[in-house]
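> Sequence:
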Amino acid sequence: MKTAIFLAKGFEEMEAVCPIDILRRAGVNVISVSISDKKQVEGAYNITFTADALFEEIDFEDIEMIVLPGGMPGAANLANHTGLCGKILDFADSDKRIAAICAAPSVVLGGLGLLKGKEAICYPGYEAGMCTKQISEKSVVTDGIITTAKGPGVAMEFALELVKILKGEAIAQKIKKDLCL
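Here the numbering used here = 1-based position in the sequence shown + 13.
There could be a bad hint or two in this list.
Capping the alpha-carbon separation at 20 Å, the derived lysine to aspartate or glutamate pairs in DMTMM-like fashion look like this [unchecked claim]:
1. K15 x D106
2. K190 x E170
3. K109 x D72
4. K22 x D65
5. K189 x E170
Read the hints as simulated data drawn from the structure, not as lab findings.
Let the hints inform the model, and build the full structure from the sequences given.
See below:
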(Lines of atoms letter the chains of each structure in order from A and count residues from 1; the text may use other names and numbers.)
(Lines give C-alpha, C1' and ligand atoms only; values in the text may rest on other atoms or scores of the structure.)
Protein backbone atom coordinates (compact mmCIF):
# COMPACT_ATOMS: atom_id res chain seq x y z
CA MET A 1 0.00 0.00 0.00
CA LYS A 2 1.06 3.58 -0.67
CA THR A 3 0.47 7.06 0.63
CA ALA A 4 0.03 9.70 -2.08
CA ILE A 5 0.99 13.34 -1.58
CA PHE A 6 -0.52 15.58 -4.23
CA LEU A 7 1.40 18.55 -5.61
CA ALA A 8 -0.17 21.52 -7.39
CA LYS A 9 1.49 24.71 -8.59
CA GLY A 10 1.91 27.00 -5.59
CA PHE A 11 1.99 24.29 -2.89
CA GLU A 12 3.73 25.03 0.43
CA GLU A 13 7.07 23.25 0.10
CA MET A 14 7.56 22.41 3.81
CA GLU A 15 4.11 20.84 3.99
CA ALA A 16 5.02 18.40 1.22
CA VAL A 17 8.68 17.70 1.95
CA CYS A 18 8.32 17.06 5.70
CA PRO A 19 5.62 14.40 5.29
CA ILE A 20 7.42 12.76 2.37
CA ASP A 21 10.71 12.62 4.28
CA ILE A 22 9.31 11.55 7.66
CA LEU A 23 6.92 8.97 6.24
CA ARG A 24 9.74 7.44 4.19
CA ARG A 25 11.98 7.33 7.29
CA ALA A 26 9.19 5.30 8.90
CA GLY A 27 9.13 2.85 6.01
CA VAL A 28 5.91 4.12 4.44
CA ASN A 29 5.77 3.79 0.65
CA VAL A 30 5.14 7.43 -0.35
CA ILE A 31 4.51 8.65 -3.86
CA SER A 32 4.42 12.33 -4.79
CA VAL A 33 1.86 13.04 -7.48
CA SER A 34 1.64 16.04 -9.81
CA ILE A 35 -1.88 17.07 -10.76
CA SER A 36 -0.58 18.99 -13.77
CA ASP A 37 0.51 17.58 -17.12
CA LYS A 38 4.20 17.46 -16.12
CA LYS A 39 6.13 16.02 -13.20
CA GLN A 40 7.91 19.29 -12.40
CA VAL A 41 5.82 21.34 -9.97
CA GLU A 42 6.78 24.78 -8.68
CA GLY A 43 6.01 25.49 -5.04
CA ALA A 44 4.81 28.74 -3.48
CA TYR A 45 8.39 29.86 -2.85
CA ASN A 46 9.74 29.06 -6.31
CA ILE A 47 11.31 25.71 -5.45
CA THR A 48 10.64 23.24 -8.25
CA PHE A 49 10.05 19.59 -7.33
CA THR A 50 9.92 16.58 -9.58
CA ALA A 51 6.97 14.40 -8.62
CA ASP A 52 7.21 10.63 -8.76
CA ALA A 53 4.14 10.35 -10.99
CA LEU A 54 1.36 12.20 -12.78
CA PHE A 55 -2.23 11.99 -11.52
CA GLU A 56 -3.29 9.93 -14.54
CA GLU A 57 -0.65 7.28 -13.75
CA ILE A 58 -1.94 6.48 -10.26
CA ASP A 59 -3.76 3.27 -9.38
CA PHE A 60 -5.87 4.45 -6.46
CA GLU A 61 -6.53 0.86 -5.38
CA ASP A 62 -2.93 0.86 -4.08
CA ILE A 63 -3.34 4.13 -2.12
CA GLU A 64 -4.23 3.94 1.59
CA MET A 65 -3.93 7.65 2.41
CA ILE A 66 -4.24 10.91 0.48
CA VAL A 67 -2.15 13.84 1.78
CA LEU A 68 -2.84 17.42 0.69
CA PRO A 69 -0.26 20.17 1.31
CA GLY A 70 -1.56 23.70 1.61
CA GLY A 71 -0.07 26.92 0.37
CA MET A 72 -1.72 29.28 -2.03
CA PRO A 73 -2.55 29.01 -4.81
CA GLY A 74 -1.62 25.33 -4.33
CA ALA A 75 -4.65 24.44 -2.21
CA ALA A 76 -6.98 26.23 -4.64
CA ASN A 77 -5.39 24.35 -7.54
CA LEU A 78 -5.98 21.05 -5.72
CA ALA A 79 -9.61 22.04 -5.10
CA ASN A 80 -10.07 22.84 -8.80
CA HIS A 81 -8.87 19.41 -9.96
CA THR A 82 -12.07 17.45 -10.52
CA GLY A 83 -10.32 14.08 -10.74
CA LEU A 84 -8.58 14.54 -7.41
CA CYS A 85 -11.73 15.84 -5.71
CA GLY A 86 -13.63 12.80 -6.99
CA LYS A 87 -10.97 10.49 -5.53
CA ILE A 88 -11.05 12.35 -2.19
CA LEU A 89 -14.82 11.84 -2.03
CA ASP A 90 -14.36 8.16 -2.94
CA PHE A 91 -11.85 7.82 -0.08
CA ALA A 92 -14.29 9.43 2.35
CA ASP A 93 -17.09 7.11 1.20
CA SER A 94 -14.78 4.11 1.67
CA ASP A 95 -13.50 5.23 5.10
CA LYS A 96 -9.96 5.57 3.74
CA ARG A 97 -7.56 8.10 5.30
CA ILE A 98 -7.32 11.74 4.18
CA ALA A 99 -4.88 14.32 5.56
CA ALA A 100 -4.62 18.04 4.81
CA ILE A 101 -2.58 20.93 6.18
CA CYS A 102 -2.67 24.74 6.11
CA ALA A 103 -5.24 26.08 3.62
CA ALA A 104 -6.07 22.62 2.24
CA PRO A 105 -8.44 21.59 5.07
CA SER A 106 -10.60 24.63 4.38
CA VAL A 107 -10.19 25.10 0.65
CA VAL A 108 -10.30 21.42 -0.35
CA LEU A 109 -11.94 19.37 2.41
CA GLY A 110 -14.28 22.10 3.64
CA GLY A 111 -15.26 22.83 0.05
CA LEU A 112 -16.18 19.17 -0.41
CA GLY A 113 -18.25 19.15 2.79
CA LEU A 114 -16.02 16.54 4.44
CA LEU A 115 -15.49 18.41 7.71
CA LYS A 116 -19.14 18.60 8.77
CA GLY A 117 -19.41 17.20 12.28
CA LYS A 118 -15.62 16.99 12.62
CA GLU A 119 -13.07 18.73 14.79
CA ALA A 120 -10.47 20.22 12.44
CA ILE A 121 -7.85 22.97 12.12
CA CYS A 122 -6.50 25.07 9.26
CA TYR A 123 -4.26 28.04 8.58
CA PRO A 124 -5.46 31.14 10.51
CA GLY A 125 -7.78 33.24 8.38
CA TYR A 126 -9.20 30.28 6.42
CA GLU A 127 -11.67 29.12 9.07
CA ALA A 128 -14.75 30.40 7.20
CA GLY A 129 -14.49 27.65 4.60
CA MET A 130 -14.12 24.85 7.12
CA CYS A 131 -17.84 24.08 7.59
CA THR A 132 -16.85 22.08 10.65
CA LYS A 133 -18.33 21.23 14.03
CA GLN A 134 -15.37 22.69 15.88
CA ILE A 135 -12.23 24.61 14.95
CA SER A 136 -9.61 22.87 17.05
CA GLU A 137 -7.17 24.61 19.38
CA LYS A 138 -4.66 21.86 18.56
CA SER A 139 -1.98 22.25 15.90
CA VAL A 140 -2.74 18.80 14.47
CA VAL A 141 -6.00 16.93 14.96
CA THR A 142 -7.32 13.57 13.79
CA ASP A 143 -11.07 13.05 13.83
CA GLY A 144 -12.09 9.74 12.34
CA ILE A 145 -10.44 9.22 8.96
CA ILE A 146 -9.44 12.88 8.57
CA THR A 147 -6.26 14.51 9.89
CA THR A 148 -5.82 18.27 9.61
CA ALA A 149 -3.01 20.61 10.63
CA LYS A 150 -2.49 24.34 11.06
CA GLY A 151 0.40 25.25 8.77
CA PRO A 152 4.06 24.97 7.79
CA GLY A 153 5.36 25.43 11.34
CA VAL A 154 3.74 22.14 12.36
CA ALA A 155 4.62 20.14 9.24
CA MET A 156 6.86 17.77 11.23
CA GLU A 157 4.20 17.26 13.90
CA PHE A 158 1.67 16.62 11.11
CA ALA A 159 3.98 14.07 9.50
CA LEU A 160 4.57 12.29 12.82
CA GLU A 161 0.81 12.04 13.36
CA LEU A 162 0.55 10.36 9.95
CA VAL A 163 3.35 7.94 10.93
CA LYS A 164 1.46 7.16 14.15
CA ILE A 165 -1.70 6.42 12.15
CA LEU A 166 0.02 4.28 9.53
CA LYS A 167 2.82 2.60 11.51
CA GLY A 168 1.93 2.97 15.19
CA GLU A 169 2.98 5.04 18.19
CA ALA A 170 6.30 3.23 18.78
CA ILE A 171 7.62 3.97 15.30
CA ALA A 172 6.41 7.59 15.50
CA GLN A 173 8.26 8.01 18.81
CA LYS A 174 11.43 6.46 17.37
CA ILE A 175 11.35 8.81 14.36
CA LYS A 176 10.71 11.75 16.67
CA LYS A 177 13.72 10.79 18.81
CA ASP A 178 15.91 10.24 15.73
CA LEU A 179 14.97 13.73 14.51
CA CYS A 180 15.92 15.23 17.92
CA LEU A 181 12.45 16.67 18.42
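> Against each hint, give a clear statement of whether it holds in the structure.
Checked hints:
1. K15 x D106: holds (19 Å)
2. K190 x E170: Satisfied, since the Cα-Cα distance of roughly 13 Å is no more than 20 Å.
3. K109 x D72: OK: K109 and D72 at ~15 Å, within 20 Å.
4. K22 x D65: Holds: K22 and D65 sit about 15 Å apart, inside 20 Å.
5. K189 x E170: holds (9 Å)
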